[in-house]
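Chemist: Chains as they are written, first to last, in the numbering used here: chain R, 1 to 241; chain E, 1 to 241.
Don't read these hints as lab results, they were simulated from the structure.
Be aware that a few hints might be false.
Since the list can't tell identical chains apart, any single copy or any two copies may satisfy a pair.
To be verified - Calculated pairs, BS3-like style, for lysine-lysine (alpha carbon to alpha carbon, straight line, at most 30 Å): (1) K238 - K72; (2) K11 - K238; (3) K238 - K124; (4) K62 - K238; (5) K39 - K238; (6) K39 - K11; (7) K124 - K62; (8) K72 - K39; (9) K143 - K39; (10) K39 - K62; (11) K11 - K143.
The residues making up each chain are set out below.
Number of protein chains: 2
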Amino acid sequence: MTVAVRDLDVKALAFDVFGTVVDWRSSIIREGRELGRAKGLDVDWEAFTDAWRALYQPALEKVRSGALPWTKLDDLHRMSLDRLLAESGITGLGAAEVEHLNRVWHRLDPWPDSVPGLTRLRRKFVLATLSNGNVALMVNMAKRAGLPWDAVLGAEPARCYKPQPEAYLRTADFLGVRPEQCMLVAAHNGDLVAASRVGFRTAFVRRPTEHGPGQTRDLRAEHAFDVVAESMVDLADKLGC
Amino acid sequence: MTVAVRDLDVKALAFDVFGTVVDWRSSIIREGRELGRAKGLDVDWEAFTDAWRALYQPALEKVRSGALPWTKLDDLHRMSLDRLLAESGITGLGAAEVEHLNRVWHRLDPWPDSVPGLTRLRRKFVLATLSNGNVALMVNMAKRAGLPWDAVLGAEPARCYKPQPEAYLRTADFLGVRPEQCMLVAAHNGDLVAASRVGFRTAFVRRPTEHGPGQTRDLRAEHAFDVVAESMVDLADKLGC
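If we strip away everything but chain R, and leave its shape as in the complex, we get (with noise of 0.2 Å):
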């Protein structure tokens, strides 16, 4: 694969942020049994991670469907927690403190490789964000993680939701490259598989546990991806960083 993947004209490199760079449901699952133990609530916070995250393609859907106008994830977040609160019987926050814990999303952990592998794929590849998160989210994930961004951009200076195929055209040519010189970065199958339909290179890194213990899809690359990795210094050793 090696020969292969050098022979690429690859010049940037595009990331899906959410379990591919960070680990978003432990990062929620931990704040939110601190948030539980300091105002005394009586929350499964692996459960209602699980909700949370379960309505974020729904949110996204109506969005690409037209059904709302352009929408920031941080607004469609908080739709979402909004709706769970509710459901869930949790009173007792302040309306600063649910805001606070909607942005639990701008502080997500990175997975322990991300930092390092990401440093050194920097040398040698422009490094932008391709999530649909909005740009002040990754911003301001990327401040507190260390995230080595060149450039934030994605689904909000696209204006448009992954995986419609103008998040990925939008953001290569912001890039000032063609879609063949962008390789999108993902943990996630169905992704990569869009990008790829727009003439987008792809890399697959596992996650096996971005879902939990009992996670039971994207365990592995389910198509004929340019390059597998097991984490992002296993990609660095791969693109020959």
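Fit chain E to the supplied structure of chain R, relying on the hints for placement.
Modeler: Positioned in the frame of chain R, the structure of chain E alone reads:
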């Protein structure tokens, strides 16, 4: 001034780049001279550089007025360069050489205080570009020069050239802050006045040789900006970084 500045609720610094952060004129003259020697061209590169930059605002104005659809600065630079090469009777450059010359804007050197000053400012604030330069230009420049941006924003993601209000407002919106939480840092009175009209805070950084030794404009702050600084290091001092 220091006390007043500390009372401000500024979260993000948005930077004009050409002239404010990088010394475009010296950089282009130097590269032009090297090219001229290598190719045996008899060109006054100071005059050539000034003439190229003189076509900048008229080109932007074509987009602002709607005479041209949205066009990236790289492409506007190229239209001006092609015209200038023809008018100057400069021949003997191949297609790849002309394109490389056009991308000299991606290879501008920072003023000596820029990297040290930005590095200090970044500890306290989110740092974003708010330039009329396109994203790829800004990303390539930053990677070469070591400019530590948290986000590369400005005209292209906003799809609007300064000094139109939306260029500033959409940048603040991407950063998730209110206009008054955003401070434009620029060496140009007009840019700062336009930003302040939409509610931005303002910092004037004096660059008295941007246009060469005979510079006549923007030699000093002509309005009551929130901060006036002699360099990015001085700005870091004045913002308590």
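Chemist: Work down the list of hints and note, for each, if the structure agrees.
Modeler: Hints, verified against the model:
no., hint, result
1, K238 - K72, "neither (35 Å within a copy, 34 Å between copies)"
2, K11 - K238, "within (15 Å within a copy, 39 Å between copies)"
3, K238 - K124, "within (12 Å within a copy, 36 Å between copies)"
4, K62 - K238, "neither (38 Å within a copy, 46 Å between copies)"
5, K39 - K238, "neither (47 Å within a copy, 40 Å between copies)"
6, K39 - K11, "between (48 Å within a copy, 29 Å between copies)"
7, K124 - K62, "neither (38 Å within a copy, 37 Å between copies)"
8, K72 - K39, "within (29 Å within a copy, 51 Å between copies)"
9, K143 - K39, "within (28 Å within a copy, 45 Å between copies)"
10, K39 - K62, "neither (33 Å within a copy, 58 Å between copies)"
11, K11 - K143, "both (24 Å within a copy, 13 Å between copies)"
Consistency note: the structure conflicts with the earlier hints numbered 1, 4, 5, 7, 10.
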